[in-house]
Structure formats: C-alpha cells, structure tokens
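Novice: If you want the building blocks of each chain, they are given just below.
4 protein chains.
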Amino acid sequence: MHASTLGATTGAALVAVADAVESAARVVAETHGCEIRTIEAIEGAPDVDAVVICTPTDTHADLIERFCRAGKAVFCEKPVDLEAARARQVMQTVATTGGRLMVGFQRRFDPDFRALKAVIDRGEIGEVEMVHLISRDPGAPPHDYIRRSGGIFQDMTIHDFDVARWLLGEEVETVMAQASVLTDGDIEKLGDYDSANVLLRTSSGKLCTISNSRRASYGYDQRIEVHGSLGAVSAGNHRQADIELATGSGYTRPPLLDFFMTRYTAAYAAEMTAFVAALSEGGPMPTTGEDGVRALELAEAALASVRTGAEVRVGEEVPA
Amino acid sequence: MHASTLGATTGAALVAVADAVESAARVVAETHGCEIRTIEAIEGAPDVDAVVICTPTDTHADLIERFCRAGKAVFCEKPVDLEAARARQVMQTVATTGGRLMVGFQRRFDPDFRALKAVIDRGEIGEVEMVHLISRDPGAPPHDYIRRSGGIFQDMTIHDFDVARWLLGEEVETVMAQASVLTDGDIEKLGDYDSANVLLRTSSGKLCTISNSRRASYGYDQRIEVHGSLGAVSAGNHRQADIELATGSGYTRPPLLDFFMTRYTAAYAAEMTAFVAALSEGGPMPTTGEDGVRALELAEAALASVRTGAEVRVGEEVPA
Amino acid sequence: MHASTLGATTGAALVAVADAVESAARVVAETHGCEIRTIEAIEGAPDVDAVVICTPTDTHADLIERFCRAGKAVFCEKPVDLEAARARQVMQTVATTGGRLMVGFQRRFDPDFRALKAVIDRGEIGEVEMVHLISRDPGAPPHDYIRRSGGIFQDMTIHDFDVARWLLGEEVETVMAQASVLTDGDIEKLGDYDSANVLLRTSSGKLCTISNSRRASYGYDQRIEVHGSLGAVSAGNHRQADIELATGSGYTRPPLLDFFMTRYTAAYAAEMTAFVAALSEGGPMPTTGEDGVRALELAEAALASVRTGAEVRVGEEVPA
Amino acid sequence: MHASTLGATTGAALVAVADAVESAARVVAETHGCEIRTIEAIEGAPDVDAVVICTPTDTHADLIERFCRAGKAVFCEKPVDLEAARARQVMQTVATTGGRLMVGFQRRFDPDFRALKAVIDRGEIGEVEMVHLISRDPGAPPHDYIRRSGGIFQDMTIHDFDVARWLLGEEVETVMAQASVLTDGDIEKLGDYDSANVLLRTSSGKLCTISNSRRASYGYDQRIEVHGSLGAVSAGNHRQADIELATGSGYTRPPLLDFFMTRYTAAYAAEMTAFVAALSEGGPMPTTGEDGVRALELAEAALASVRTGAEVRVGEEVPA
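Protein chains in written order, with our numbering: chain A, 1 to 320; chain B, 321 to 640; chain C, 641 to 960; chain D, 961 to 1280.
Some hints here could point you the wrong way.
What the hints assert, rightly or not - Across the chosen pairs, the derived CB separations fall in these ranges:
| hint | chain 1 | residue 1 | chain 2 | residue 2 | range |
| --- | --- | --- | --- | --- | --- |
| 1 | A | Met1 | B | His463 | 55 to 61 Å |
| 2 | D | Ala1226 | C | Glu930 | 24 to 30 Å |
| 3 | B | Gly568 | C | Gly845 | 21 to 27 Å |
| 4 | B | Ala344 | C | Asp689 | 31 to 37 Å |
| 5 | A | Ala118 | D | Asp1146 | 48 to 54 Å |
| 6 | D | Gln1049 | A | Val27 | 49 to 55 Å |
| 7 | A | Ala118 | B | Glu636 | 43 to 49 Å |
| 8 | D | Thr1015 | C | Gly831 | 51 to 57 Å |
| 9 | B | Glu636 | D | Ala1226 | 53 to 59 Å |
| 10 | B | Gly568 | D | Glu1241 | 42 to 48 Å |
| 11 | C | Asp784 | D | Arg1082 | 54 to 60 Å |
| 12 | D | Ala968 | B | Phe579 | 30 to 36 Å |
| 13 | C | Thr695 | D | Glu1087 | 53 to 59 Å |
Said to hold, decoys possible - Far from chain D by the CB rule (all over 12 Å, computed), these chain C residues:
| hint | residue |
| --- | --- |
| 14 | Val688 |
| 15 | Asp834 |
| 16 | Gly888 |
Because the hints were derived from the structure by calculation, they are not lab data.
Computed from a prediction, not measured in an experiment: that's the story for all the values here.
A virtual CB, placed ideally from N, CA and C, is assigned to each residue, including glycine.
The whole structure should be built from the sequences, with the hints applied where relevant.
Specialist: Following this line, the structure appears as structure tokens:
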C-alpha cells in the first residue's frame, strides 16, 4: 500500500523494494516498476534518499538505526519497538547520526480527524477537558501476527495513545486500564487481551477514555469525541455506502468499511505526502520518533496497570 | 414532579404532602388538591398506603425505616444514604419489617433505554461485552446541594452505576476511576470533582466505561452504547426540537433538552406506574433497595480508587 | 382522542358527548365522566360554550351552521365540506351569526413544525423559495371511509395544502398534479387514487411539491423541507424508539410511529389548548374557516388538474 | 478533469488534446504529458481509438458525427444537442457509421447511487412506485454559460431526467412542470429559470418529482429517494468533513461539498473506466446516445409544460 501511495505522491519516486519474502518483493517490483534490492544495497545506494519501513515490529529498531547510519531519511510504521527502553536508544542513534525519522501514525492525517483538530485549534470548544476514543477492529489478526505484535496495547491501542496525546495537547501523567479476553479464548493463551478500556489523566487534570475491541460485527469502528469548556466535537465512521433502506423492519444503513486500508486510504496518502514535503522543504517531521516512544510508554503503562491493578505513572519503572 | 406524576397514574391518589419548607408544601397541596400533614400524621394515617420520599439524601435512611415500621410501602429517591454501610442497615429494617421499598432509578424506565434493553434481551447483539455510558449535566447544581450530595459519584454517577449493572447483567467486581475539577474551582474546595471517568469489570470479564461531566454547553447529554459478540446497540439524546437548519455555516440541529425532568418525563411517569402496579398486583419491586445499595458500593469504590490510585474490589473495606 | 385532550386542557371541561353510535357515546361518557346528550340538547344547553365536531366529513357543514346559530363556538375537524362552494356558504353563516370557528389542522401545532416555522419567521433561511412536503400513511383507510372521504386530495393532501399555505406565506395561484393507483386496485373502483404528486406556484413564483402515498411499510412518514435564499430548514419523522442496532447487516433504527394519533399527540393537545385559549382570551382563531376553504379549493384544483391534464388556477370554475 | 481521470484508468492512455483555447490545451498537454493536435489531425490519427468530447453543448452534435465517421469511439458530455430532433439525427449517423457512443451521465456511476440501484434491483423495496430527486447547485453558472446552455432543463435537470429513467425502470409518458426566477433577476432576461419542479408519470402510473434550484447556500445538494411497495431507499449528500460540533447553539455538521467535480470524483472515474471497459471488452455502452436523446425529450417536454401550462406527452410535437 505504501508503494501505491508513493507512486501517487508528487516529489517522490519508488526506486527499489526489499522484502524477506521474495515473491512479495516481485509483486511490488512488477506492479510499481521498481527494482528489487537487498537492504545492504539500499543502504549504499546513492539514488535512494529515504526508506519506508513496513516490516514486522521486532525488526523496526535495528532497521531504523541502520538506515540512519547510512544517511537515509526514515519513515517507519508504528511501533518503533516492542520496548520503550529500546525505542529510546533508537532515538539516541537518530539524534547522534543527525537522522530524520517519521513514525507512521496515519490517523493524524485522516481528513475528518484533521478537521476535528482544526475545530479545537480554533478554540471552538474552548479548553479541552475530556477525550473519548473508541477503536474496534472487525476481527482479530492471525495468531502469528498477535504473537509478534507486543500485545493489544502496543499493536492496536498505540494508535489511540498517539491520538490522545495529539488531542489532549499535553502529556499524560497517569494511566489505568482493565482488559479481558472476550472474543477468542486462544488470545488468552498468547498472553494477550482482545478487549480493553484505558483511562488517561494529564498533569492539569484533563481526562481520556480509550476503548478497544478486536471484534466488531459491523465493521471497522473508529470514533473520536472531544469535550471542552464551550462544547464538544466528534468524528464518526465511514460506511460502505451512504444510503438508507426503510422497510417494516426499520431504517438501515450499510455496515462500516471493514478494513483499515480502505478506511484510512486518504490518511495514508496524506501521511506520505507530509513525509515527502518535510524532506523536500526541510521542515520538521509531522510525527516524530519522540511521538513513537511516548505512545510506547503509554502502552507499557496500560499493560502494567492491568497486571498490577494500580494506576501507573508514565515512564515509571514497572515490575516485569 | 412526583406529585404531578402520581396525579396521572391510574390506581394512585395523592392524599397528603409533608415538607419541611411550609410554602413548598402549600404549593403542592394547592396545585394537586391534597392535604398538608406532618410526617408523624402520615405514619399513622389509615388512608395512606405508600409514601414517596424526595427529601435531601441525608434524611433518606431514617425516613425509609420510619415508614417501613409504620407499614407503609416506600418509594425513595436515590441514593438510599451517603454510606453503603448505613444503607445495608436500612435493608435489614426493610426485611425485618416485611417492608416494600423501591429506589428511584428512573433511567431504567426511559422508553428508549427499555427498547435498548429489549434488543439485548432478545439476543440481537449476542453476549454483552462492553458498556459505555456518557452522562453530562448542562451545569453543576448549587454548592449547597453539592455539599450535602455525597459527591459526584454518589449523586450523579450513581445513575450510571445502576444502569451499568442493569445492562451488564452481572455484578461488578473491580472499579478504577480518575477524576478532576475542570469546570469550577470552587467544587474542589467542597472536596468534590466535576469530571470523572470510571472503569468497571465483572467477574466474567465484561467491561464498562462511564464518563461524567457537570457541564455541557449543548444540554443534558445522556448516552448508552452496548457492544456485544454479534453487534452493538445505542440510545441517544433528546433534542429541543427535531429540526435541522442548513446554511453556509453548515447543518445545525437544536441543542439537547437541558433539564433532567424534561429529558426523563416519560421515565418518571413509567417509574411511578411501575411502583403502583407492583403494589396493586403484589409483584416484585422493579428496582429494589438492593439495587440502591449496590450502586452506592460502586460509588464508594470509585471514590476510593480516585483517592488511592488503586483498582478497588467492590464491597471491600476501604481506608477512609 | 379529543375527549382525552380536552380533559387535560386547562380552562376546559367536557360536559357532554353526542354520537350517532350509542355504544361509542357510552364509552366516552364513562371514560371521561360526562353526560350523553342529543345534538338538539347540546344546541340548547346553557352549560355548553363550545363544541368539537369530529363526525364524518359530509355532516360537517350542517353541524357547523347549526351550532353557530345556537351561539356555540365551534372546533371542526377538516375538511369543512366535500365541496369548496358549500364550505364558502358555511363561512357566510359563521359571519352572519357572529360565530367563532376553528378548523382542525393539527400539524400547525406540532412542536417540531412550529420550531421550523419559527426558524423561517426569524429570517434564518431568508426568503422562502421552495417547500417540499412528503406525507405517507402506513396504509389506506377502510374502503367505506374512502368512499365518504372526498378522495385523497380532500382527505389526505388537505393537510399538506394547509401546511403549504402556512409555510409559503402567500396564496397559491396555480396547481398541477399527477396521480395513480399503485397500492390497491380497489381504490380505483372507488374513483380515487392512492399515490399523488402536486405542484403549487404562488403569484410571486414561490414553488411547492407535495407527495402522498397511502402506503409506507416503514410507518407514518411526515416530512417538511423549506428552501430559502439563505438556507433550508427541515423537520423529520418520529420513530418508535430512538435507538440504533449495529450488526453485520448494517445500522438499523426502528420504524416510524405508525398511527397519526401517536405521531401527533402533542399537536392535538396544543391545538385544543389554542382553541380554548382563543375563546378564553377573545383572540383570533389560530386556524380559521377561511383556512379550511382555501385548502379545499387547492384539493379541488389538484383533482381537476389530474383529470384535465392542465395547470389549474385556484378558485377557478372547473368542469365537473 | 477527464484528462486526469483517463490517466488513472487502466487500459487507457491520453494521446492528444484539442482545444479552441490554446492556453487551455497547453495546460492539459503539460500536466498530462500528451500532444496538442487539431481536431482534423485527431480524426485521421491511427494512434487514437476513442475521443472524449467536453466542449460547449452547441458543438456536441457535429463533433460526434465527425468522429463517428472517422471511426473513433466517442464519449460525449451531456446533452447531445440543444434539440432532441437534432440529437435523433446524430443517433442515425452513429447507427449508419456503426459508431460507438457513450453519453456522460456520471451520476449513474456514483458509488452511493449504484448501491441504491442495487437495493432496488435486489427487490428490497418491492415494486418502484415513486422517485424523488432534489438537485441544487451552490450557485448559478456564469451568464455566458447559461446563454449557450439551452436552459435549466437541458443543462441541469437533464441529469435528473436520466436518473429518473434509470430508477423508474420504464419510460416516462407525461410531464408537468412549474418554474420561476427566484435567485437572480438577470436569469429571467436570458429567458431561463433558476428554480423548477417537475412531475413525471410513466405508462404504468409510476410517479416522480424533480426539484432544482440554481442556489443552495449549504453546498451541492444531490439527493435521491425511491419509494416502493415494500419500502424506500435513499442516498444522501457528501459533506466537506464528517464531523459534528456541539455548542450552546446546537449540533453543527459542515456544509456539503460545493463543486460537482469534487462531489462526483468517484463517479467520473467509474464512468471513464466503464467506457474503456466497454471498448476493450466489446460490451454494450453503459449509457447510450438513446439515453441522451430521451433525457433531451424530457427536458423539452418540461419546458413546453411550463410555457403552456399543460401536461405534455413525451416526444409529442410541441408548439414553439
């Protein structure tokens, strides 16, 4: 998907693809008319200015460091790593190499969410007081994916953590969370959860709730609501079609789009455009490695809160 | 309001009113054509079968006990008392006197909420997994009221606690909560909060979020959403009028009803009808003293969680 | 229903009922605690100030005249008569007897429609340019009723004609209409239609569409939209409950209320209150006999347009 | 816009552009990397299989004929000509030359409208009985455009006429219409209208209303509703963002998209894809010259009805 997006991004050209799975590399190369190269070749390639990392999570940290050392600008999918401490190290490497890193939190680039943020920034709801985020996936990913994902908080809630920070406008101080396995007993065996609620509180007392489920029969459910001193603003879901059928059974609208790539097509395009623009114009990265680390810290705090039954201060050392 | 509702309830007649504020008693007596009597007189009155208690919270427990001992059926506004322990005592008195007590959780009688509950009961969303409740008042009550109210969890969230138990269909085991003062600094001086988020978890792992604010510029915001294994069901707000204006500024619908009595008019009527029906037909009380105590325990647990930063087991002894 | 409404109207008391069907009279008398009298007795009764006529349409004109001559104020259900010419005569009688007549166009008293009208009156949509009315019944009335009703334009569209005049704010000059029998072939045998579309145009060029169907599987469909120079305003339908169910089949809200008495409960109450208030305070009738005649003229023009295939000027002599 | 769309259409390549305005041709050539040629050159070009005509309406007929004679497949923007008779001639030329012609009614390709049509085709609303179309432009086009456009019925309503035929599923027999100048007095001087309502009736009695205005302060208003024997289905508008702001003034959503190219971006792409697919696969044209002529006949009938005040049979000779 990033290859397609890049192809349509002004100022960018896809030069080469590297993929551990050769057939996957070949599909990209053929569809988008680019070369297949090894990671080593890309590191040394004078015709490559920037790389887009969309590999499994446990390879992110190493790859970011390698490409930063090779002088390439890096766009990396979230999360930076499975552990915040390692991610902090990566930030060091980025800093010492003078590297440029953008972490892929595409929701910040969704047109509706941006319009919602603009309403807040224009002061139309006054001071932000409470943020409510609901994210539900149509269904859980494969067990293999879950096993390498770091768990629901690092894999799924991490998007909400980033959105919460973006909308609260200040850092989160304390986290509380409850979680359960309600949709698929096997997820418990993997040491993970499929249903989770999280509370966040900032130092000035702003509050946030996040609710996640790995299963929603009606599609990919993605909602934001922000309540402030003068009003509230919300952004809703995207349906498969904007029609309504009325019969004796009632008024029915189609289910939601059921895939994150369809739901966030415009966001992914805007995200890549913003990355290329930041490189071309030399401006700041719109979402930084620091954003990646902070979201990871919130994920770790949430997991610690579920396990210990205590409110957890963000960034605090927590018992394993 | 209960006097009006009683007047329109088949099978009930308002005989007498007692009020510490004489002028208030007179207004009721004149408007509804009933007598003014002392509490003592009502206790001994052979023409009174049942009493409706809508006095300040700190008088509820004593009045319930007095009227139960006098052999009157009792309808009492929530909460039963400011402390769950005292409320438990009252239940004892109700039991030993063979009394009949209904606690006023009118939301269970709201036509939309009943329709939502019926959808769940018919199995249309499968197994209930997560409940989300948002309740926001248009504005905080007077400081004098707050001072005697027992705080936001006992006064305001208590309705949500009751609705949560009703919809989750099983008892809550653990509670987490965060709260702040965001709308009015004076509320902090009263030792209370105006903004609160609560997480609930049942023994089987069902989850719930509750979010409260004492201020909403757009009216009395009352929403329920229940997510289950096969789908979700939600009930929304009531507007001042169901119209929509479209101009160059966008599409605007009127704000919400801004007073709980207007919002829940139908619920209050249905509640009183259910009380009278239970007495006439000898059936069980639709909302019981036990419901009142359980909601109080959740309120105490939430407050304890805010104060201690720990997940609190319901009914557990908590440090003052 | 009017008996119930009257019972709850401040300043009014139901004294007596007359009904050609004795058992129907008895039900009203017993339910509402009033006497059964003949029409003659009511004409002469000193304890009766006003009468409410809700008999079959073909008796309206005579009854209005009788009661006006007897010095009673009259509320009469629409339409005044099956023929505009006869209705005009009745107006003469009302005028010469100094009578007071209100014709029952309850939609003008619906809270949502009044809120919509208030938006227009405050100038929020600028100059009214186009009005769109959609009215669909859940099902056709019994054939016996249809036979005496004067046809769809006089029986059903007449409400829309009145609302159109109210919202356009000036008199209609020309009418075009098309009609069909689509839901029940027997309606054709009765010489009537079950589906009709009407166009109205005022002298200044304001335009209106009305669409009617005798059948809507999803309930009693009643919508208004007014488009003006600065914007548009619309009023929508009333559902059986304000809930929404989301499943794999989509998002479903309940069907509409399916009976005009349920849909317009508040309107009927407000209408009767307005009648009683006009009598008590001596103010003008909120909907007059003239309104009744004008709506009838529009109905006749619409029928003439269907039959002749020509645009018809309102009030013009049309061939039978 | 068609040049952009063609660039993204699989199986198509933009070879050359011709434009009477040289600078316009240059922009297209530079943006899309194609040549500038004369119409004559394109007629004779072996590397051109098909042409897309998006010139002023009064040039359409001649261009279609020229390119058909030159053996090119033709996509032409609506309407085929300002007069149905001339358009009928063009169909003759298409037929005798064995040409292939698609007329650009992009609304049939809008994803929401297709979803609505699919609901009808699956029988979910039973037999179609009534179609309601509302189309309002944000503002009138320039007077010069209006002067050459053939008037509101040929320029604007023509889309609704095509959609009506598509959804009614049978040909229209009679037309009635009323029209006014309400938004801009100068439009009257051009002999045109800016506000129009049309009634359509098919031979089996199916009914349709169309309402048009050249001005809507709230954006590009495009709605369809189809009422059938078992239910109704509707398709709504597209907003600038799917967010909602709640304040003391009410609940506000952004205005509609205010430009037809933005509103129908997906439709234009799907339309061009369908044209290319029909050429590649040799299948039937999804919208034909016959569709173009029929829509024109309805436009002429509507105008005749406004001018004569009579119901007009479609295709009938009407006095000038």
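Novice: Would you pick out the hints that fail for this structure and give their numbers low to high?
Specialist: 2, 5, 11, 12, 13 and 15
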